[in-house]
Amino acid sequence: MNTKKKWWTRSRREAVDGYVFMSPAILGLLFFMLGPIAASAYFSFTEYDILSSPKWVGLDNYIELVHDSLFWQSLKVTLTYSVVSVPLNLVFSLLLALLLNKNIKGIFVFRTIFYLPAVMSGVAVALLWKWIFNPDFGLINWAIGLIGFEGPKWFIEENWALPPIIIMGLWGVGGSMLVYLAGLQGIPTDLYEAAEIDGANKRKQFRHITIPMLSPVIFFNLITGIIGALQVFTEGFIMTAGGPNNATLFSVLYLYRNAFDYLNMGYASALAWVLFLIILAFTLIVFKSSPMWVFYEGNRRSAK
Amino acid sequence: MFRKSKAALGLASIMALSSMLYACGSDSSNNGSSASKDEKVDLNFIRWSNGPALDNEEKDKVKRFNDTHPNIQVKMTLLPWDETFKKIEMSLASNSPVDLFYWDVPAYAWYKKGLMKNLQPYFDRDLKMSDYDEKLFEPFKFDGSNMYVAPENYQTLVLYYNKDLFDKAGVAYPSENWNWTDYLEAAKKLTITKDGKTTQFGTSMSLGAWWGWMALSQEQGGALAPNIHDPEKLSFNTPETKNALQYLQDLIYKYHVAPDAAQSSALGGDFLTGKIAMYVGGDWDLGNLKEKKDLKWDLAPMPKWEDKRVVPYWVGGYAMTEKSKHPDQAWEFIKWTMTENQETLAKQQSWIPVNKDALSKVESPAWAPAGYQTARFDWMKYGIIGDMYHLKWREAQDKAISPITDQIFANKITVDDALKKMDEQVNEIISKK
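Chains as they are written, first to last, in the working numbering: chain Y, -8 to 295; chain H, 80 to 512.
Simulated from the structure, these hints should not be mistaken for lab results.
All values reported here derive from a predicted model rather than from experimental measurement.
Just so you know, even glycine gets a beta-carbon here, dropped at the ideal spot from N, CA and C.
Incorrect hints may appear among the rest.
Unchecked claim - Partial selection, computed: residues in chain Y whose CB lies under 8 Å from chain H:
id, residue
1, Pro45
2, His58
3, Leu61
4, Pro126
5, Ile147
6, Asn150
7, Asp181
8, Leu254
Please build the complete structure, drawing on both the sequences and the hints.
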């Protein structure tokens, strides 16, 4: 009672240490993120060409967006891409992770090989795939030709410009595969053993043990997948330049062009904010839906 | 209200801070603006890259200048075309603009914003205009009377043809009297089809970009606008432009003598690999061709339209930023490229020099084929500038001209409908604000 606590306690010192260690990240956030974010919010209400000072125009940029057919086109392209590629990536990387979760000799070699593409630079990979999808002598159409069909004109026909970009997206599943793999390794084996004793076959084990136990990881991959897909840029920039006839004009590419090619930084900022709000909305929807399907250990819901 | 002003204050302080940071970063090397004559000065110079061969000539150019001018060090940065303009823009937006840059059309926006130096006073002081064909410099008089870019070289269009393929097909070589009908007739004979697949095309879609089909329109007397500087309205939907685009579309879909986009990507290096018999393209392709020893090729002038010939030309040159801290030294470099270096330029043969004296010394080099002289230099009698200068030109190209042209050459739209659409969309873009 009468022992007055020292102000400089161990826990306080630890807290200070913590803040000191965090300071690079916090300062970085303040200077390199928050500043530009605030600036772009302001610019989105101005007419700004980078070269002269911004002029306040109120909501003009946002009103113009609504009437800009290319904005809608870019949104359509981006959403189409996301809706197809996100589930495809989720499934594909899960399947890979299941394969690589086998306990066989030399599995590390395979894991490395399958992860390798994820660390390669976006531009080099984009160029590589452009050759693979070349309509006349690319690998893909050669293979299709072997079974007697004529391959589509990838990248040249408007309807065949987006599919190859979605397919090549699978090349980079190594990242989410790795996260799945970690999740799979974290599932206690006694669950499977118990299920086996109860007579559950492999398929049932997968449905009732693997999927629920993996759901937090699926949730994580879904969120990062959605965010990544809505921000796709390199493929449209390097491989197709947005063409043919704007069939691959992704939102971020259109934003980039407005900012740097057309000198409409104000308009580009407005685009960025709209895109941000869209991403935020999707993320919130997924978050809100998570109690329905994401299962955390020690947080078991009572039966319905 | 209160909150907004607080946010604005925060923003202002961030901006002030970042501009301070910019300033710290840049001024350390070249303090003080009034450089005395003996002071050593560094000039920042950005230009776009043209591939290894031409880049080496540029590096050599800068090196020779630096060696002969001990007090001026030009520091050149070579960047991809697209990057160049972004990089310079960023430098203009900060407090330390580059001193020099190599000109191309997107930079016209900077002139409109008052960021390019008027070079006329220097021209008046240091250059003898009788050394040049001043008429060809007109496009660079952005305000009608003052030069804003210092021309160093010309570029033009020529007809390239593969002699072996002509010989094999028994077709007479192109002559300077050819018109586009002759061109088409020859292309038909030079196209080879085996089992329904074309293995050799008479020609290619090298004129598919806007400056290509506009060249065909210009030969017939067509024009996008009466003036190339800040036109208020552009006319695409004209009989001349219609003829031009129809001619090109027909090459693919009516006569099958030129590859469509898919076929041409399959041909790889097309003309260089000997699968295209002839094409009309920029004389900047000569650099690659002269290295190609196993290909027998020659040049002819661009064909006439019926009996009229107009050949587009372009001018390459240097410009200075308004806020350069060393305008006099930057001008030294520019002046040197327009005077002393012109003979070297003539010898290198990659670009056509602007200086009359140097031009007259352009002897037919060892590698040059027979048609070189006429094809490359005759345009000076009937050349028309192939550029368009407008603040919104790049946006118009990206948003309307290129996508609609794509559709024409994919046979998705008739030329009539395409040009109506192009007219509408482009004029909407350029009239905005």
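For each hint, the structure was consulted:
no., hint, result
1, Pro45, "violated, 10 Å"
2, His58, "violated, 11 Å"
3, Leu61, "holds, 6 Å"
4, Pro126, "holds, 5 Å"
5, Ile147, "holds, 5 Å"
6, Asn150, "violated, 11 Å"
7, Asp181, "violated, 55 Å"
8, Leu254, "holds, 6 Å"
Hint violations for this structure: numbers 1, 2, 6, 7, all remaining hints satisfied.
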